[in-house]
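Number of protein chains: 2
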Amino acid sequence: MPLYDARLRCGILAKCAAMQARRAVNIGSNDHRRRILTPMILAEPALDLIFRQARTHNGWLDRAVDDETLRALYDLLKWGPTSANCSPARIIFVRPRQAKERLRPALSVGNLEKTMAAPVTAIIGHDLHFYDKLPRLFPHTDARSWFAGKEEASRTTAFRNGTLQGAYLIIAARALGLDCGPMSGFDHAKVDAEFFPGGTVKSNFLCNLGYGDPAKLFARNPRLPFDEACQVL
Amino acid sequence: MPLYDARLRCGILAKCAAMQARRAVNIGSNDHRRRILTPMILAEPALDLIFRQARTHNGWLDRAVDDETLRALYDLLKWGPTSANCSPARIIFVRPRQAKERLRPALSVGNLEKTMAAPVTAIIGHDLHFYDKLPRLFPHTDARSWFAGKEEASRTTAFRNGTLQGAYLIIAARALGLDCGPMSGFDHAKVDAEFFPGGTVKSNFLCNLGYGDPAKLFARNPRLPFDEACQVL
Numbered sequence: 001m002p003l004y005d006a007r008l009r010c011g012i013l014a015k016c017a018a019m020q021a022r023r024a025v026n027i028g029s030n031d032h033r034r035r036i037l038t039p040m041i042l043a044e045p046a047l048d049l050i051f052r053q054a055r056t057h058n059g060w061l062d063r064a065v066d067d068e069t070l071r072a073l074y075d076l077l078k079w080g081p082t083s084a085n086c087s088p089a090r091i092i093f094v095r096p097r098q099a100k101e102r103l104r105p106a107l108s109v110g111n112l113e114k115t116m117a118a119p120v121t122a123i124i125g126h127d128l129h130f131y132d133k134l135p136r137l138f139p140h141t142d143a144r145s146w147f148a149g150k151e152e153a154s155r156t157t158a159f160r161n162g163t164l165q166g167a168y169l170i171i172a173a174r175a176l177g178l179d180c181g182p183m184s185g186f187d188h189a190k191v192d193a194e195f196f197p198g199g200t201v202k203s204n205f206l207c208n209l210g211y212g213d214p215a216k217l218f219a220r221n222p223r224l225p226f227d228e229a230c231q232v233l
Numbered sequence: 001m002p003l004y005d006a007r008l009r010c011g012i013l014a015k016c017a018a019m020q021a022r023r024a025v026n027i028g029s030n031d032h033r034r035r036i037l038t039p040m041i042l043a044e045p046a047l048d049l050i051f052r053q054a055r056t057h058n059g060w061l062d063r064a065v066d067d068e069t070l071r072a073l074y075d076l077l078k079w080g081p082t083s084a085n086c087s088p089a090r091i092i093f094v095r096p097r098q099a100k101e102r103l104r105p106a107l108s109v110g111n112l113e114k115t116m117a118a119p120v121t122a123i124i125g126h127d128l129h130f131y132d133k134l135p136r137l138f139p140h141t142d143a144r145s146w147f148a149g150k151e152e153a154s155r156t157t158a159f160r161n162g163t164l165q166g167a168y169l170i171i172a173a174r175a176l177g178l179d180c181g182p183m184s185g186f187d188h189a190k191v192d193a194e195f196f197p198g199g200t201v202k203s204n205f206l207c208n209l210g211y212g213d214p215a216k217l218f219a220r221n222p223r224l225p226f227d228e229a230c231q232v233l
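As you go down the protein sequences, you meet chains W and X in turn.
The numbers in this note's numbering rise by one with no breaks, and the one at position 231 of the first sequence is 231.
The numbers in this note's numbering rise by one with no breaks, and the one at position 123 of the second sequence is 123.
It is possible that part of the hints are untrue.
Stated by the list, open to error - Below are the SDA-like pairs computed for lysine to any residue, each with C-alpha atoms no more than 20 Å apart in a straight line:
#1 100(W) <-> 231(X)
#2 150(W) <-> 187(X)
#3 133(W) <-> 231(X)
#4 202(X) <-> 154(W)
#5 190(X) <-> 152(W)
#6 190(X) <-> 233(W)
#7 202(X) <-> 129(X)
#8 114(W) <-> 219(X)
#9 133(X) <-> 230(W)
#10 150(W) <-> 189(X)
#11 216(X) <-> 119(X)
#12 133(W) <-> 222(X)
#13 114(X) <-> 84(W)
#14 114(W) <-> 84(X)
#15 133(W) <-> 219(X)
#16 100(W) <-> 224(W)
#17 190(W) <-> 233(X)
#18 190(X) <-> 98(X)
#19 150(W) <-> 85(W)
#20 114(W) <-> 233(W)
#21 202(W) <-> 230(X)
#22 100(W) <-> 111(W)
#23 100(W) <-> 195(W)
#24 133(W) <-> 227(X)
#25 202(X) <-> 228(W)
#26 202(X) <-> 55(X)
#27 190(W) <-> 153(X)
#28 150(W) <-> 108(X)
#29 190(X) <-> 128(X)
#30 202(W) <-> 226(X)
#31 133(X) <-> 228(W)
#32 133(X) <-> 220(W)
#33 216(W) <-> 117(W)
#34 133(W) <-> 225(X)
The set of hints was computed from the structure by calculation and includes no laboratory data.
Given the structure is predicted, the values throughout are model-derived calculations rather than measurements.
Given only the sequences and the hints, what does the whole structure look like? Please build it.
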C-alpha cells in the first residue's frame, strides 16, 4: 500500500496526523462552541503543498502511479460539491504506452512530449446524460426532471460541474503528493471519438499525473492582484 | 489578524506547522531524491477538512467574515492553475444587507433564505475579455492572439477556467476554516445586469461563505463508486 508506506516513511507528518486525529476526537466529544472559537485551518506547509508552492509540471521522474493511488485520488475528489450532487465527471486514467499512443493524434505539439512521458494522463470528461443517475445521487426529489430533455441546461451543468470536479482532482492529487500538468489544448473531437465513443460523454481537459521533475519547471507567471480580480461590497 | 489568532489558539495545528516547516527546510537543503522517496502528503484530518468531512452548508452561525480573510482566500485560490495562466475569474464578495438585497430578485426560492442569511455571498464570474491581460499573465508569447476575436474559444476558455478557479475558492475557503454553500440555481441575466453591468463579465455560480451551523446540515448524499465514474486503462 504505497500511500501508507509513504506516510509512514514521513515520520513528522505521521506524528502530526496522530495529533490532529486526537484533536478531532476532542472536537467531536464537545459541543459546537469549541469549533466556533477554534476553527480548524490547514497549517502553512499544507497550504503550500496544495496551492502556494504547487506548480504545473512538464517533466516527470521515473516513478509509477499505481492503481491504489488513483482510487485514493477519486475517493477524495468525489466529495467535492456539485449542483444537486450531479457528479457528471467521467475520468479515464491512461497509463500504458499503447493507450497513450491512442492520445497522440489529438495532442498539440507543445503538449505532446510531456504527455507521452507522464506516468498517467487523466482524461476528464463529463456525461451529458448525468441526470439519469440523479434518482440515486439526489433521491429526495425528482431532480432528473430539471435536466432531462433540456439540452442547453444539461450541457452547461455537465460542463460546469465536471470542471469543478476536475479542479478537485488537481487539488486532491497534490494533497496525495502527486504533481499535475493540466491541459485544454488538444483536439476534443478526436479524444471523444477514441475514448468516449458512446457520444454522451465529452472530453473537458487532460491532466498529466506523476511525480514532477523540479528541474524542468518553467519560471512562475504572476497572478492578478486582489483588487483587479475581486471586489468587496 | 484573526487568521493567525485562530491558528495560535489551535495549538496542535500550530505545532504541526512548525514541525512541517522544519521538514520543508530539510527538503530544501537536500537533493531531490529525498522528496522522491518521501513525498509530502496531507495528514488525514487535513483531507477530512477540505474533502471528506466538508459539507455544503445551509445555515450560518452569527460570526462575520472579515476583509482579511477574503484577501487570504484570494491569495490562495489565485495560485491554482488555469490555461495559459489566463485567470479569468472575477469575484464580488457581497456582505452588507443592502448589497444582499440587490441579489434577492435573482435568487431561486430554495436558495433565498440561506443566501440572505450568509455572512458573505461570493459571486463567481468570468471575464470574456480575459485575454487582454495575457501579455502580463503569460508574457513569453503572444497568447492574446489565441483568443482575441475568437468568441467561442474565448467563451469556453473563460467558463472552464473561471469554474476551475471557483472550485479553488471552495477548497481554499475550507482550508481557511470557512464553510461553503455553492449554488448555480439563480437568474444569471439578472445578476449580470446588476453586478457586472459592463457586459464582458458573466456570472457563473454563487457561493455562500461563513461558519456553518452543523445543526442545519442535510443528510449527505451518496457518491458514485470508482468503477462507475472512472476507468483505468
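Evaluated hints:
As the CA atoms of residue 100(W) and residue 231(X) are separated by approximately 14 Å, the hinted pair is consistent with the 20 Å bound. Between the alpha carbons of residue 150(W) and residue 187(X) the distance comes to roughly 17 Å, so the proposed pair stays at or under 20 Å and holds. Proposed proximity of residue 133(W) and residue 231(X) is supported: the alpha carbons are some 18 Å apart, at most 20 Å. Of the pairs offered as hints, the one joining residue 202(X) and residue 154(W) holds, with about 18 Å between alpha carbons and a cut-off of 20 Å not exceeded.
A threshold of 20 Å between alpha carbons decides the hint, and for residue 190(X) with residue 152(W) the separation of about 19 Å falls inside it, so the pair holds. For the hint linking residue 190(X) to residue 233(W), the alpha-carbon distance of about 17 Å falls within 20 Å, and the restraint holds. A hinted pair counts as satisfied when its Cα atoms are at most 20 Å apart, and residue 202(X) with residue 129(X) qualifies at roughly 11 Å. The suggested pairing of residue 114(W) with residue 219(X) is violated, with an alpha-carbon distance near 43 Å, which exceeds 20 Å.
Restraint check for residue 133(X) and residue 230(W): the C-alpha separation of about 15 Å stays at or below 20 Å, so the hint holds. Among the hinted pairs, residue 150(W) with residue 189(X) is consistent with the structure: their alpha-carbon atoms are about 18 Å apart, no more than 20 Å. In summary, the hint linking residue 216(X) to residue 119(X) is supported, as the alpha carbons are separated by about 16 Å, within the 20 Å threshold. For the proposed pair residue 133(W) and residue 222(X), the alpha carbon gap of about 11 Å is at most 20 Å, so the pair holds.
Between residue 114(X) and residue 84(W), the direct Cα distance comes to roughly 16 Å. Compliance with the 20 Å bound is thereby established for this hinted pair. For a cut-off of 20 Å, the pair hint linking residue 114(W) to residue 84(X) stands: about 16 Å separates their Cα positions. For the suggested pair residue 133(W) and residue 219(X), the alpha carbons sit about 18 Å apart, so the restraint of at most 20 Å is met. In summary, the hint linking residue 100(W) to residue 224(W) is not supported, as the alpha carbons are separated by about 35 Å, beyond the 20 Å threshold.
For the hint linking residue 190(W) to residue 233(X), the alpha-carbon distance of about 17 Å falls within 20 Å, and the restraint holds. Only pairs whose Cα atoms come within 20 Å are accepted, and residue 190(X) paired with residue 98(X) is accepted, the gap being roughly 16 Å. The straight-line distance between the Cα atoms of residue 150(W) and residue 85(W) is roughly 18 Å, inside the 20 Å bound, and the hint therefore holds. For the hint linking residue 114(W) to residue 233(W), the alpha-carbon distance of about 43 Å lies beyond 20 Å, and the restraint is violated.
Proximity of residue 202(W) to residue 230(X) is assessed by CA-CA distance (about 14 Å); at most 20 Å being required, the pair is judged to hold. Between residue 100(W) and residue 111(W) the CA atoms are separated by roughly 13 Å; this keeps the pair inside 20 Å, and the hint holds. This hinted pair checks out: residue 100(W) and residue 195(W) have alpha carbons roughly 11 Å apart, not beyond 20 Å. Proximity of residue 133(W) to residue 227(X) is assessed by CA-CA distance (about 14 Å); at most 20 Å being required, the pair is judged to hold.
Annotation: proposed proximity of residue 202(X) to residue 228(W) holds, straight-line Cα distance about 16 Å (limit 20 Å). Only pairs whose Cα atoms come within 20 Å are accepted, and residue 202(X) paired with residue 55(X) is rejected, the gap being roughly 27 Å. For a cut-off of 20 Å, the pair hint linking residue 190(W) to residue 153(X) stands: about 17 Å separates their Cα positions. Under the criterion of a C-alpha separation no larger than 20 Å, the hint pairing residue 150(W) with residue 108(X) is consistent with the structure, at around 18 Å.
Using a Cα cut-off of 20 Å, the hinted pair residue 190(X) and residue 128(X) holds, with the two alpha carbons roughly 18 Å apart. Between residue 202(W) and residue 226(X), the direct Cα distance comes to roughly 19 Å. Compliance with the 20 Å bound is thereby established for this hinted pair. Using a Cα cut-off of 20 Å, the hinted pair residue 133(X) and residue 228(W) holds, with the two alpha carbons roughly 10 Å apart. In summary, the hint linking residue 133(X) to residue 220(W) is supported, as the alpha carbons are separated by about 16 Å, within the 20 Å threshold.
For the hint pairing residue 216(W) with residue 117(W), the CA-to-CA distance comes to about 13 Å; that is within 20 Å, so the pair holds. A hinted pair counts as satisfied when its Cα atoms are at most 20 Å apart, and residue 133(W) with residue 225(X) qualifies at roughly 12 Å.
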